[in-house]
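Colleague: Listed below are the residues making up each chain.
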Amino acid sequence: MKIFRDPITHFVLIGLALVAINHFWTAWQGELGRTIVVSTAEIDRLETIWAGTAGRRPTGEDRKQIIEQYVQEEALVREAERLGLGNDDTIIRRRLAQKMDFLVNEDAKADDPTDAELERWFNEHRERFAAAEMRSFTHVYFSPEKHGSGLEAAAGAALTQLRAGAEWKALGDPFIQKRSYAAVPEREITRLFGPEFATAIFKLEANEWSSPIGSAFGLHLVRIEAIDSAAQAQFAPIRAEIMGAWKDEQRAEAKRAAVSELIGNYEVVIEKKE
Amino acid sequence: MTHKFVAVAAIGALITGCSAESGGSAETDVALAPGETAGEEANPDRNVYFGDLHIHTKNSFDAYIFNVRTTPDDAYEFGMGGTVKHPLGYDLKLEGPPLDFMAVTDHAAYLGHLEAMNTEGTELSKLDMAKQMFSTDPEKIVAAFQLIGGAVRDGKKMDGVYDPAIVGNVWKQIVDSAEKYNKPGKFTAFAGYEYTAVRVSRGKEGGFAGGNLHRNVIFRGSAPDMPFATVDSTNPEDLWSWMDDQREAGNDVMSIPHNSNVSDGEMFKMETYNGQPLTKAYAEQRIRNEPIVEITQVKGTSETHPSLSPNDEWADFEIYDKLLSSPVVSKTATGDYVRQAIANGLKLTQEIGADPFHFGFIGSSDSHVVGGSFDEKNFWSKIGVVDGSPEARGSIPPDGKKSWEGVTVNPNAANWFSRWSASGYAAVWAEQNSREAIFDAMRRKETYATTGTRIKLRFFGGFGFDEKMLDDPEMVSKAYKNGVSMGGDLVGNKAPGFIIWAMRDAMSAPLQRVQVIKVWTDGGVAKEKVFDAACSDGGTPDANFRCPDNGAKVDISDCSISTDKGAPELKTFWRDPEHKAEQRASYYVRVLENPVCRWSTHDALRAGVAPNPALETTIQERAWSSPIWYVPTA
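Protein chains in written order, with this note's numbering: chain A, 1 to 274; chain B, 1 to 634.
In short, the hints are calculated from the structure, not lab data.
Backbone N, C-alpha and C define an ideal beta-carbon position, used for all residues, glycine too.
Zero decoy hints are in this set.
Footprint (simulated), chain B over chain A, 3 or more residues, beta carbon under 8 angstroms:
1) 47-58
2) 175-189
3) 209-218
Next up, chain A with everything else stripped away, as it sits in the complex (with noise of 0.2 angstroms):
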């Protein structure tokens, strides 16, 4: 066949496959038996999509050819099970596996936890709320291409200058980038001059002139001008998050427990190899 020839039918084949085997495999849940329920539950959630895409709620008609749809496609999902359709098929096997993994993520679902209990939590797990210390610098640099091997000693003797008061604008070769930086985390300060850098100034003091410091650029003389230190997370401001975070954390140990419950059914064997 030509279509075969073309080569993008090898392009979306493979896409196409996955999305038809994503889309056959969603509707398997529920039993497999000779009833097919739609729950109110499964109504909802199918009208949720449908909004999503038609920008406004279905009416009455719409929402009867939603369930029509559906049912029609459970019966066909559950006929081609009987058929044995998806057997030993290792995409299928994941995306059931997959889906299992979504059902019990589900049932892991906690109740709220009331204010007391939250804020003790939260007083546990502090240091996951902090902001990072932040520094606002100046620098001035000294280029390797213009200076050479002269390169220590014209830092240096900036240095000297500088300690005696001299005005740092006047120092130093141009730098493409900023001169000046504020409130600035370790992290960009690595992307941006490289990790020897960003770890030496943020082992300096505030207001005085560091020794020359290696860059990705050049040599830099530093004066930390402010250090925001880690900011302690207030319990109040970040209510939301925490509460996030903490139904996080239930829903995954809950999780967890499920998950081993349900390996503790069976008896694992692992053959060695020879």
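Once you have looked at the hints, place chain B on chain A.
Modeller: Leaving out everything else, chain B in the frame of chain A:
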């Protein structure tokens, strides 16, 4: 749960990720020199911002089929430093600092239609086409997808399939998402979309084979209710007329062509869409609407081709010249590459009095998985489940084999995916990080393109410039005052001087050399010449304007690079040694890094196999400035 996680990560990034490029806060008492303000205040000497103006999400018909389910919101979260999921389940995160600006640019034709087809209860899901598209029969799936792809390309409104209400609704979500994430002073998000025209030049049998005329349409601020797509017209000239109307109506806008490298000679051809001679009105309308071109992205480089630039030793770089989804090679002789187009523009200026190709350069990613893949060390390519693994993209042998001996690489990987690139960025010099400042900088072409590295590059030209300016602390403000920056015109009748200043990316390789590429025409024939202008490691250009080899090496066994070669910055004053006062010319800068491993070599190294012998093992990351034009008065 996933969404929640992304949201939490993004909030974290907002709290701690105050970008140094754009950051700064009013509360900190930092002594700032004039013109050195970091924060929200305008910097008259301008800051460089890095962005990506070419991103697809699940709303694009093809991305949806690649199993992408991530949204415009996810794209912006990624740009701000957050983590998003690849369709194959792994995490995507930027290696470099957060981006400063972005635009989501989904294919406007049939926007959101695939999701609607895959949603129970919708009208579209009842179509035979939808049932086939999401069936399990590969033959039917492909047939259905070809119908949609063909309709996008040909601009056909298929009866009962094309639904403008869906387009309008999804477009509104895209515009709203940009609005939500746009934070003046910190992060710029533009409303935008892709206009996906293809000139079918090889018959319909070739799938999408034809001249790629794709453009990204970017709005400066407000946007209309509906995008202008191929279903409205497949002729880009009609798009420009619509854009002119939009500008009149208060929606300022530009379109940015991309992948001219696979346009089959169509993107910069020397006649109109309908085969008429170019006119002054055509040229003016085109350049008014298309001041910049995307010249590097995942699907290769559009600067020049080795067959067009035989004397440019660096022209054979990440060349990708197969027409979209096709093994057919694009006609490279004319119309595909910007260097030649710029020369043709100079010629047209003399013939018709205007230059339709008077454009600047940017790069972008064209990712279809919402996150751009910029980093050689960690490449995920662009089309989701189809090229998301090293095996699928041909960088390691298939079926877990440990050698390339006797291996036949899948033709899709051999023809397409293995040739694609971890690229690129749009770099913009603007007074501040806002929609207005960045858009206006793009309009004046004060932009450059990079292959995914964050080289900083200044380029100025002026008649009064001299060598002494290089050490002047006020160099930048004086250069702006007495000359033009990249993208500008130098009007005069004597040899201009140029100041070029490049600084490496701290997380990439040191710089190897800085070059000036001169383009002109002689008796109607396009001419070009590459001049090395500054060399690393103390070298100076020889009589043929070439730097000595600096000896920088890559160790393919572990991808380590020479630590003692290359320059952190290169800064030079340059004059054209062959300048002719009466000759119109264009000059742009190319900065080359020392070589590093190509992404395919990193893939192979991680898998413990040799790199694919059909591919280059190393690349030289680079930046290209927008040109400065010398316009003789005489």
